[in-house]
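K.L.:
Chains Z and B are the protein sequences, given in the same order. Quick note on this note's numbering: the first sequence kicks off at 42 and runs consecutively. Quick note on this note's numbering: the second sequence kicks off at 1233 and runs consecutively.
In short, the hints are calculated from the structure, not lab data. Beta carbons are placed, not taken as given, at the ideal position from N, Cα and C, and that holds for glycine. Some hints here could point you the wrong way.
[To be verified] In silico lysine-lysine, DSS-like type, Cα no more than 30 Å apart, as pairs:
#1 Z:447 x B:1351
#2 Z:44 x Z:136
#3 B:1359 x Z:447
#4 Z:261 x Z:68
#5 Z:59 x Z:261
#6 B:1710 x Z:242
#7 B:1698 x B:1673
#8 B:1303 x Z:338
#9 Z:268 x Z:136
#10 Z:357 x Z:316
#11 Z:183 x Z:68
#12 Z:450 x B:1359
#13 Z:261 x Z:87
#14 B:1351 x Z:450
#15 Z:59 x Z:72
#16 Z:342 x Z:87
#17 Z:288 x Z:136
#18 B:1664 x B:1754
#19 Z:77 x Z:181
#20 Z:242 x Z:203
#21 B:1303 x Z:342
[Unchecked claim] What the simulated footprint calls covered on chain Z by chain B, stretch by stretch (three residues with Cβ under 8 Å from a Cβ of chain B suffice, anywhere in the stretch; the number is not a length):
#22 376-390
#23 407-413
#24 417-423
[Claimed, not checked] To give an idea of the interface, some chain Z residues facing chain B are shown, with a C-beta separation under 8 Å as derived from the structure:
#25 207
#26 224
#27 229
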Amino acid sequence: MEKILTQNIDKPNSQDIKVYLDGGGYKALEKALSMKPEEVIAEVQKSGLVGRGGAAFPVGLKWSFTRREHTEPKFIICNADEGEPGTFKDRIILKNDPHLFLEALIIGGYAIGASQGFVYIRGEYYREIEVVEKAVEQAKEKGYLGDNILGSGFSFTIQVYKGAGAYVCGEETALIESMEGNRGAPDCRPPFPAQSGFLGKPTAVNNVETLANITAIITKGGDWYSKIGSPDSPGPKLFCLSGQVNKPGVYELPLGITLRELIENYGGGVRGEFKAVLPGGVSSSLLTDLNVKLDYKSVAKAGSMLGSAAVIVINKDTSIIDVAKNTVEFFAHESCGKCSICREGTRRGREILSRFANGGGRAEELDLMLELGEVMYDTACCGLGQAAMNVPVSAITLFRDEFDQKVRK
Amino acid sequence: MFTLTINGEKVTIPEGTTIMDAAKQVYINIPHLCYLEGLEPGYHCRICGVEIEGEPRLAPSCVRQISEGMKVHTNTARVRRARRMIVELLLANHSIDCPTCERNQVCELQKLAFELGVKEVRFDGEKPSYELDETSPAIIRDPNKCVLCGRCVRVCHDVQTVSVIGFVNRGLETMVSTFMENGLGNVECTNCGQCIHVCPVGAITEKSAIDEVWAVIANPEKHVVVQEAPAIRAALGEEFGLPAGTLVTGKMHAALKRLGFDAVFDTNFTADLTIMEEGSELVKRVKEGGVLPQITSCSPGWIKFMEHFYPDLIPNVSTCKSPQQMFGSLVKTYYSEKAGVDPRKIVSVSVMPCTAKKFEAQRPEMSDSGFRDVDYVLTTRELARMIKEAGIDFASLPDEPASELMGFYSGAGTIFGATGGVMEAALRTAYKLVTGKELEKVDIEPVRGLDGVKTATVNVDGLEVKVAVTHGLGNARKVLDEIRAGKSPYHFIEIMACPGGCVGGGGQPISFDLALRDTRGKVLYNEDRALPYRRSHDNPSIKKVYQDYLKEPLGKESHHLLHTKYTKRERV
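Model the full assembly from the supplied sequences, consistent with the hints where possible.
P.N.:
Pasting the structure below:
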């Protein structure tokens, strides 16, 4: 398959604008600026591209919602606060091909009618922050940012904003709160950022990888793009393969390949004997069927979610209780603490799983965990709380025996 | 207008209404904890979740607005399960010490647990063990009881615009705290105590002086004197099951006598005295070209707010002490002399609707009598607890008067407890001071009621005196910023820190309901109408204190005992 997202990363000095321009960079912007904003959005809608940050919302639709708002100014934010455990896909673009998504961010700004864009980068991505800041400078120097870009009359600037280390700030409303100088806690939706986002203005928030698809869609057309991968969820995807596999790493592959293909053909097979896999990081549910196709619908149908496609492989030497406990510890640590259900639910979930991990589990608390998972899904404000119990709930459902063995005698 | 169904019942209601409000139309009160009328929704607690057909999750009804054709269910198994589990989780992390908790039976968590049928808490484990914040002379915060509903944060930030408390830390360590966890006593807290009213549990309480007061009452060496602020009589009855709006002046005095106080007086007396001094001060400023507008100084929450946030306006603030402190300096001088009691033996206790009064009494300058002018400050709630502890059947008590010397008051004194009351009382007397004639129509309606900023113009001998009245510190900022900008048209401004004035003070029976505060205020206006004297300068006890002791308003003795100064305070 022709690489789209990782097309440039192996070139020497790939982060430099000269290399990017030599490879045909910023031609998509030129083309987009010759189109009407509505035509740009229509092309993206035609492509069938959905957000790659985890929520899989159709990008064209998000842009059209933001475009049709009458409030000015509007903003577009690139969400580069990559923090889901097992996810390290945006990082390779940020570090190696920053212009690929910056170009798309400018196109997105043009499409929705924004003249100010932001890149919100995870604070720990020190090197990537430098690269992106430099890339913004280069784009400015070359006239791709600033006033009257390429004589089109469209003006656009990009500001880089550093996160301060909170996982939850990758959730778009928390990200916006954080940018506004508030506590990084998710806000209620509706209203969605498309109506009321940064500073209460219409705002589109798009993930790095999502944006990295845009230039190809503009250059080659939405129809062309929509034929890549699975008809339900077209396009390439960066799969972050980690855990007990022989060749962990980031793989650009069309959506719709099976877990088995990914792990065996690309990941060099499971290290040890296969037990389970998390297809979408620690927010997703465990799967044991390697024949599941890795596209949004198929994974959901199998009872999990593709999320950011952080595929974490677990072998039989690993205690599933430890896996569950570690994930809940992560969420307990990263919960913003605002919703009582998430704060207290992760607190008690962690304690219950610790008891099992130490061989002192209480039998009646297994069903309590399942109920807790359902109530957290039902009532938590944001995705963190809604998904925090997915791993333990699926672990209890799939590997109840393991838990039963750890019940206090 | 949108039409939707709630539990199958059709409702047509304006766009923008929340599901929680819409549900009231079909006689459903959706259980909630972090939502409180009068504050923006916080949607922290998630208890108010309801099912909406076609949506994957429950929606928080306090914030989710209705839409056309919505089908809402407020009482499904799924909804009930979620509510119960959230309450269970909150209880699991709460120090369940209900019998000894100050908010026992006035606790929303307790009520929710009972009403939602939470019969057991299936979660257990670590309980919080935070240190109490006891840095403030007025308010104690107990993070171990806090349910992190954020209501205190919102009232402090949104209503009072003081913003000294906020959420700190993250996740399991989340707590409400002050800047750098320095404690309420070391930040710009005004001690207004509105956070106590909005707290659903016992996490914020006044610093109690009950035990100290019992001890001095029991000490035969001590002569314990008590004063009660105007607003007490408008609310104390609520603590004993009397209907809101019951005036209990006589029962209050009767109860205080039975608690063992040696002399029962009334702050309303010094409210009248305040009017004599403050009215004279206003007339002087107007006549002599002094700094205007003059701003009232009775509300210690407002005073501390001013000292932190508007110290440049110190020259505008009346130098008059508050009625509590005027009383305090007179009790150990004037009363001591009249009664022949050694001031060293006198213990001066006040009952206030206010938590900030505890701070005010401790201000170092409040010792003009040569002693601490006010030794102990009790809130309305503390007094109610003492009456209950003593087994006094408050509701059945006969009406008894306070002692005349410092207990007789005019209607002008009693309306101090309602927003606009000080202004109205001051105008009644200032008119006389300027014109030598009595203001015929003493009811000055435009300054009454609950509007955030009320204004009026009163013709005093040809001079159009412009006045403004605000209550709640957020409202106060509006008129203060006008002064700062040099655009204030007013001669005289009344500012009360608490919404509704003193009847809504931080020491009153727990409630953040503005309608109730209005009801309490009306009680005082009714008392005013029924009293023989309605102007402070007509009060015979006031005439006597000037005749026998103070000589004249703004005179040497008055200046020494009844006036004070203010301090610019740091911003942290």
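K.L.:
Would you mind marking each hint as holding or not holding in the structure?
P.N.:
Evaluation of the provided hints:
Under the criterion of a C-alpha separation no larger than 30 Å, the hint pairing residue 447 (chain Z) with residue 1351 (chain B) is consistent with the structure, at around 28 Å. Note on residue 44 (chain Z) and residue 136 (chain Z): the hinted pairing holds, with a Cα-Cα distance of about 17 Å set against a maximum of 30 Å. For the hint linking residue 1359 (chain B) to residue 447 (chain Z), the alpha-carbon distance of about 25 Å falls within 30 Å, and the restraint holds. Between residue 261 (chain Z) and residue 68 (chain Z) the CA atoms are separated by roughly 11 Å; this keeps the pair inside 30 Å, and the hint holds.
Only pairs whose Cα atoms come within 30 Å are accepted, and residue 59 (chain Z) paired with residue 261 (chain Z) is accepted, the gap being roughly 22 Å. For the suggested pair residue 1710 (chain B) and residue 242 (chain Z), the alpha carbons sit about 26 Å apart, so the restraint of at most 30 Å is met. Note on residue 1698 (chain B) and residue 1673 (chain B): the hinted pairing holds, with a Cα-Cα distance of about 17 Å set against a maximum of 30 Å. The straight-line distance between the Cα atoms of residue 1303 (chain B) and residue 338 (chain Z) is roughly 27 Å, inside the 30 Å bound, and the hint therefore holds.
Between the alpha carbons of residue 268 (chain Z) and residue 136 (chain Z) the distance comes to roughly 29 Å, so the proposed pair stays at or under 30 Å and holds. A threshold of 30 Å between alpha carbons decides the hint, and for residue 357 (chain Z) with residue 316 (chain Z) the separation of about 5 Å falls inside it, so the pair holds. The straight-line distance between the Cα atoms of residue 183 (chain Z) and residue 68 (chain Z) is roughly 13 Å, inside the 30 Å bound, and the hint therefore holds. Of the supplied pair hints, the one linking residue 450 (chain Z) and residue 1359 (chain B) holds, its CA atoms being roughly 25 Å apart against a limit of 30 Å.
Among the hinted pairs, residue 261 (chain Z) with residue 87 (chain Z) is consistent with the structure: their alpha-carbon atoms are about 12 Å apart, no more than 30 Å. Restraint check for residue 1351 (chain B) and residue 450 (chain Z): satisfied, since their Cα atoms lie roughly 27 Å apart, inside the 30 Å limit. For the suggested pair residue 59 (chain Z) and residue 72 (chain Z), the alpha carbons sit about 19 Å apart, so the restraint of at most 30 Å is met. A threshold of 30 Å between alpha carbons decides the hint, and for residue 342 (chain Z) with residue 87 (chain Z) the separation of about 24 Å falls inside it, so the pair holds.
A threshold of 30 Å between alpha carbons decides the hint, and for residue 288 (chain Z) with residue 136 (chain Z) the separation of about 21 Å falls inside it, so the pair holds. Proximity of residue 1664 (chain B) to residue 1754 (chain B) is assessed by CA-CA distance (about 25 Å); at most 30 Å being required, the pair is judged to hold. A hinted pair counts as satisfied when its Cα atoms are at most 30 Å apart, and residue 77 (chain Z) with residue 181 (chain Z) qualifies at roughly 23 Å. For the suggested pair residue 242 (chain Z) and residue 203 (chain Z), the alpha carbons sit about 21 Å apart, so the restraint of at most 30 Å is met.
Between residue 1303 (chain B) and residue 342 (chain Z), the direct Cα distance comes to roughly 27 Å. Compliance with the 30 Å bound is thereby established for this hinted pair. Note: the stretch 376-390 of chain Z has 13 residues with beta-carbon separation from chain B under 8 Å; the three-residue rule is met and the coverage holds. Counting residues of the stretch 407-413 of chain Z whose CB lies closer than 8 Å to any CB of chain B gives 3, so the stated coverage by that chain holds, three being the minimum. Check result for the stretch 417-423 of chain Z against chain B: holds, 5 residues qualifying (beta carbon to beta carbon below 8 Å, three or more required).
A cut of 8 Å between beta carbons decides the hint on residue 207 (chain Z): the least distance to chain B is about 7 Å, and the hint holds. Taking 8 Å as the C-beta cut-off, the interface hint given for residue 224 (chain Z) holds, the closest approach to chain B being about 6 Å. For residue 229 (chain Z), the interface hint holds, since its Cβ comes within 8 Å of a Cβ in chain B; the closest pair sits about 5 Å apart.
Taken one by one, the earlier hints all hold for this structure without exception.
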